[in-house]
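Novice: The chain contents come next:
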Amino acid sequence: MSEPIIKLDQIEKHFGNVIALNGVSFDVRAGECHCLLGDNGAGKSTFIKTMSGVHRPTRGTITFEGRPMSFSSPRAAMEAGIATVFQDLAMIPLMSVARNFFMGREPTRGWGLTRRFDVEKANAITMAEMKKMGINLRGPDQAVGTLSGGERQTVAIARAVHFGAKVLILDEPTSALGVRQTANVLATIDKVRAQGVGVVFISHNVRHALAVGDRFTVLNRGKTLGTARRGEITSEQLQDLMAGGQELAQLESTLGGTV
Amino acid sequence: MSEPIIKLDQIEKHFGNVIALNGVSFDVRAGECHCLLGDNGAGKSTFIKTMSGVHRPTRGTITFEGRPMSFSSPRAAMEAGIATVFQDLAMIPLMSVARNFFMGREPTRGWGLTRRFDVEKANAITMAEMKKMGINLRGPDQAVGTLSGGERQTVAIARAVHFGAKVLILDEPTSALGVRQTANVLATIDKVRAQGVGVVFISHNVRHALAVGDRFTVLNRGKTLGTARRGEITSEQLQDLMAGGQELAQLESTLGGTV
Amino acid sequence: MTNTTDTASVDERIKAEPLLARLMKRPELGAIAGLVLVTGFFLATASEAMFSLSGVLNFLSPAAQLGILAIAASLLMIGGEFDLSIGSMVAFAGMIFGACVVNLGLPLILSIPVTLAFAALIGAANGLIVLRTGLPSFIVTLAGLFMLRGLSLVGLKWITGGSTQLRGIREAVEGDLLTPLFSGDAFGGLFAWLAQAGLIESFPNGTPKVPGIPVEILWFVGLALAATWVLLRTPAGNWIFAAGGDATAASNSGVPVRNVKIALFMLTAACAALLAVMQVMDAGSTDARRGFQKEFEAIIAAVIGGCLLTGGYGSAIGAFFGSVIFGMVVIGLTYTSFDQDWFQVFLGGMLLLAVIFNNAIRKRVTGER
Amino acid sequence: MTNTTDTASVDERIKAEPLLARLMKRPELGAIAGLVLVTGFFLATASEAMFSLSGVLNFLSPAAQLGILAIAASLLMIGGEFDLSIGSMVAFAGMIFGACVVNLGLPLILSIPVTLAFAALIGAANGLIVLRTGLPSFIVTLAGLFMLRGLSLVGLKWITGGSTQLRGIREAVEGDLLTPLFSGDAFGGLFAWLAQAGLIESFPNGTPKVPGIPVEILWFVGLALAATWVLLRTPAGNWIFAAGGDATAASNSGVPVRNVKIALFMLTAACAALLAVMQVMDAGSTDARRGFQKEFEAIIAAVIGGCLLTGGYGSAIGAFFGSVIFGMVVIGLTYTSFDQDWFQVFLGGMLLLAVIFNNAIRKRVTGER
Amino acid sequence: ADIIVVAHGQANDPFWSVVKNGVEKAAKDTGANVEFRSPETFDMVAMSQMIDAAANQSPDGIVVSIPDADALGPSIQRAVAAGIPVISMNSGSDVSKSLGALLHVGQDEESAGRAAGEKLAEMGGKKGICINQEVGNVALDLRCKGFAAGFGGETSVLPTSNDPTEIEAKVRAALEADPGIDTVMALGAGTAGEPAVAAVKSIGKSGAIRVATFDLSASFLESVKAGDAAFAIDQQQFLQGYLPVAFLSLYADYGLMPGGNVPSGPNLITADKAGQVVELSAQGIR
Ligand SMILES: Nc1ncnc2c1ncn2[C@@H]1O[C@H](COP(=O)(O)OP(=O)(O)OP(=O)(O)O)[C@@H](O)[C@H]1O
Ligand SMILES: Nc1ncnc2c1ncn2[C@@H]1O[C@H](COP(=O)(O)OP(=O)(O)OP(=O)(O)O)[C@@H](O)[C@H]1O
Ligand SMILES: [Mg+2]
Ligand SMILES: [Mg+2]
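Going down the list, the protein sequences come from chains A, B, C, D and E. Oh and the first sequence: position 255 is 255 in my numbering, straight run, nothing missing. Oh and the second sequence: position 41 is 300 in my numbering, straight run, nothing missing. Oh and the third sequence: position 164 is 682 in my numbering, straight run, nothing missing. Oh and the fourth sequence: position 47 is 934 in my numbering, straight run, nothing missing. Oh and the fifth sequence: position 59 is 1315 in my numbering, straight run, nothing missing.
Chain A on its own, in the form it takes in the complex (with noise of 0.2 Å):
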């Protein structure tokens, strides 16, 4: 297989006393969607977040196509072709949405002083991806802070796509979108995938994470529990270690194994 894109090494984090990341160790390859899953407050987002530049590390090592790396700010990741959707989303809530999709890559026209923002081009392409992923906004000037929590998701995830380089981090890009929108969004997965991108997508939901994965590496409680390839593992044995190991053969009697 091919050399990863971008490799971490024993990643540590701490926070004050708090020790989030406790020795993390991930690779992504060209091609290849690499599935973070894990049980609430496991560490997934801290761990991405070292990955596109936000959090340094406490401890570990980063080694991107081939050199080692320590991105100072996550505009240098961005630069090195490292595009993230964060749980949060960073949106600005009260920017319109066309100007929080090239929030920091605005696209330009003419030189030197009538160098300007390209509303128009913006603006057309933001509707354009929206459309794409199933969402007909009213307008690029509305206020991401009046969009509904699945338009805004979709937003930065639009975003996160039309600028994606290299690497693409997907942090629960599905928690609050529509059936529709999933599937669009999962279908953009294996599309860009397709295209030689590696993603990261860090899912809650077993059957969206089997259903595009190619590898699948399971935190618990700021460790690895491991990583296993697609048709490796079953669903259960999935859900199993997701849930940190536990048991729950209970519930699933009484609910009738709806999760």
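Calculated from the structure, these hints are not laboratory results. From a predicted model like this one, the values you see are computed outputs, not experimental measurements. Treat the hints loosely; a few may be bogus.
[To be verified] Here are some, though not all, of the chain A residues that point toward chain B, as calculated from beta-carbon distances under 8 Å:
#1 VAL18
#2 GLN87
#3 ARG109
#4 PRO140
#5 ALA143
#6 THR146
#7 GLY150
#8 ALA176
#9 LEU177
#10 GLY178
#11 GLU232
#12 SER235
#13 GLN239
#14 MET242
Using N, Cα and C, we set each Cβ at its ideal position, and we do this for glycine too.
With chain A fixed as given, assemble chains B, C, D and E with the ligands onto it according to the hints.
Specialist: Only chains B, C, D and E with the ligands this time, still in chain A's reference frame:
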């Protein structure tokens, strides 16, 4: 069947020139779980916000326990016995978990001038309720802003369940939850329903809805598409309705019925 | 429910945390490092008269007066609002109070409640306008700043028949039973005894150099304790934090945000009036410039003490220490031999140092980055 | 992908919205209603000299001087920070500039860049301290307020050998090629011609009553246009909004938040220095109290113009209108027959009315609740 | 006649409120229509704009104070050029003529300071402080400068805010830090003079430390009477408000104008004179 606890009739809600709800009727009876389903942006959150006193409807009537009612504030709705988990959770990031848990309904001790916030009791209850939901908090004084997404959502749910008196409204409560926590929340819904509480449950996950729902109302673009009872409708029909009645066949074929 | 093993008591994901770190994390105690720094500085540079009993009371007294405003302002700031009109309110309430005792000849038991009530009413009006219109409190109370200042001038001229100073208050309140509560020094007997016993300095004639503790210091300490109790140990305190942290979320969770905010505006105005009463009784007169820019200093003290301008975070004890730091720096330079032209440079520098020091120490101790 | 029917073009969930409502929703135009109100008020009450050509220029000139600060302050506020040191910076930069032209005898082509660079440097230092320590900019620039004011005093005394006023600047810059760009009136020839043709009023001796348009008004308008262009039509503008709206989210999305904020601090300080240059050249002198409380007025003007103190929202055009409203109210009273004693009451009342009116009109027109 | 007064002090400053009372009295006595204007803070730029605004209304006369001739000069000259008679008052006696003003009513700050300093030195002062509640205000700086020159002995400036509580604490601090100080010069009676007297009293040195102030306030005069303070310097600012308005109104009606400047002070008020001034001061006339 019993009389509805709360009944909303032909609710309309406009934001400036945006029509978010265009005539929605809905009711909840004691001891039932009524699911509210629909595409992103259909107006579900806006609707339950009018139910819990956050928005005032532009048009339409609300009847609570047989009497016409217009809640002047969320506090008024709460005092009438409506507890809500909002999609944005309504938490204060800088405040501790226990303080958020009891925000607005603090337990007190002592009388007169020595009447005070019973911090020990608040802490103990918070830890216990969180553990019931499957989250072991490090401590009750951790700031909510530093919790993981799922931990935070669990606080909001545990709080609403703890105070839920007659109606419990849950706006996509399981979106950020892990496998185990989701199972706990569904089991909790089952339990409070058995105690005679009316539950309004919003979800994009057809399986979760079918697992606990007694009735299913589907919203689309600000209007009701119709209400069905449990057993009257199949999972596939419901899924089609939720996606706004659009064809999912194409997607389903590529992704193998994963949604 | 599921039977999770109880790992909460011994969580492997928590490092042991020393007591010092736990203490420094509290917003209440963040400002102590700055206080220590400033005290150390003056111990090293100032004439020793500064830290004699009378010297300490001398800088604590303006600090206390500022602190009475700053504590109220800090509660309001935690609740997410500003009140820029408190400085003008000092002048305005002073005028009302003066008119009550001098012109109407009312006893203190009536004059003081009338003054406080008047102020609270104006505070409530500020709050109502802010909540009704949804305008930022900055601009609404700024209008109050101008209007109350102007009304004090007009009112004083009207009352006195042309002067901007109203006098004769000391004579009017002399002998009133309540006077010792609001002016002069407390524990006079104790201090006289101590002086006789030679435990504190006294003048050649045997009266103690320090006749007692100025009452404003007692009010200041009392207010700080009460405000801290309310903030940390009552439901109202929880509501204040919530209202300031995120008004929408708080209101959605059932906090009566409007009432909380209006009550805070009333409290702030009433504290300004309380200060006015004390100042006027102490000085025996009031004029249209009293309290000039005090709103600003109160906010400074609250911010030094760790309040966030964005609301939802801070403490009354912080404002207490902030006031003491500010008072000490303002008065302290006079005790040193530095050229007084440098006063403002020094003031700015010391404030910045104190706050940076607070911050650095807290980060170092708690391991935040 | 799915084939959704294209309903975006005719969405049944959108009501038709009149042009007026669309316009009033823009933060740029929110302050117009207040301007109309204030203008109407003065048309009704003030001497008609106020709205003669010379009267209008007379109140526009202070408004322009304030506006140069307010526009920069509004950008900084949108970017989520404050600068309380700009008022003191006016005095400090004035001193630097005065020393350059009078004491060092430098020509304007050197003095002005030196002054601006000095100011920008201090601005950058402010920004760096804020970002490094994570302290609120309020407290950091407050320290700057005191320190720069104090340094101006010390510096002026040192330069002049004991006075707090530096004089002789008009003589020093007379004849410099750049002088007309920063002081005096523009379009003098045009106005002389208009006066001769009898189109505008002139003095008995034939010179026009209005010798031209004060250059600060041109700078003010130019700056407002440039700032609006930057905010609305460049990537940098988008970054400013993002940095102020939520610094973490912006930084996570790839906005270089630190650089944006430091640039804004530098811009604000440089604008203060620009104002200082113009004031000093106009007045021919500078003293240690120049620009006193201007930081405060600049923030007021920006807030009247619709900027939020919490950052992320506002406009430069709003600050433009805010400055005009503020300038008009302050000077306007001179043209009415109200007693000066009532000035502050009037000022506060007018500001409040203007802002409430803005707000009410916007809500009414856009149908917000 | 329409007359506009533009002054650099604020209406709520006790000193300037007396000037304003003088203006109002003159308006009443002469029947002139007078308006009093001043900027919000000591701000020369704003003041020059107010003079322009006044000139725009083409009144029958303008009264100005001139604390900074460079900054205000052009505006005054513009008004004079427009044919408006101008009288200066309070400050600016040296430049008044050259800017085209008809005459000046007032006291020279520096020489008043010198007079006070000389008097205090004569009373036995050796080491003094000058309390400046508005450092950078040129008029106040000049008073301290004059005081230093006249006093001869060792002097220093104590900068303060204009909050009486803070001034009291600072004066007390200064006196405790340096017991050698025997003279306190305050630049305003209500703001600084009264707290200085209180500070001296609180350290038990009433009488031993001489306190003097510029301008008057009733409470300070009572201290003078009681012997707790040395004297107050009265520049009779009521006249600075009254006379220019009266002159201009006569000038407008009959073309009458005195031939030279009118010195309104300084006038030292010591214990023997204090009694009779107290009442007038309480009414805002002195
Ligand atoms: N800034 C912080 N300070 C202290 N603790 C933190 C901080 N950020 C995260 N944590 C803690 O670290 C742990 C891991 O959090 P993280 O957000 O990575 O979990 P997660 O795996 O993404 O969970 P979820 O599935 O619920 O989103 C949590 O227990 C959380 O409380
Ligand atoms: N304050 C507002 N101003 C303008 N439009 C709004 C406002 N709030 C909501 N909307 C619009 O109303 C519609 C309904 O929003 P709502 O949040 O109720 O959707 P929802 O059904 O909860 O969607 P989701 O499943 O994504 O949470 C959305 O299209 C949204 O853009
Ligand atoms: Mg997470
Ligand atoms: Mg929703």
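Novice: Now tell me, hint by hint, if it's right for this structure.
Specialist: Going through the hints against the structure:
1. VAL18: holds, 7 Å
2. GLN87: holds, 5 Å
3. ARG109: violated, 30 Å
4. PRO140: Interface hint status for A/PRO140: violated (14 Å vs cutoff 8 Å).
5. ALA143: Result: violated, 11 Å to nearest chain B Cβ.
6. THR146: Given a least distance of 7 Å, the restraint on A/THR146 holds.
7. GLY150: holds, 3 Å
8. ALA176: The hint holds - A/ALA176 has a Cβ within 8 Å of chain B, the shortest such distance being about 5 Å.
9. LEU177: This hint holds: A/LEU177 lies near chain B, its Cβ roughly 6 Å from the closest one there, short of 8 Å.
10. GLY178: holds, 4 Å
11. GLU232: violated, 18 Å
12. SER235: violated, 11 Å
13. GLN239: holds, 6 Å
14. MET242: At about 5 Å, which falls below the 8 Å cut-off, the nearest Cβ of chain B leaves the hint on A/MET242 intact, so it holds.
In this structure, the earlier hints numbered 3, 4, 5, 11 and 12 are contradicted, and the remaining ones agree with it.
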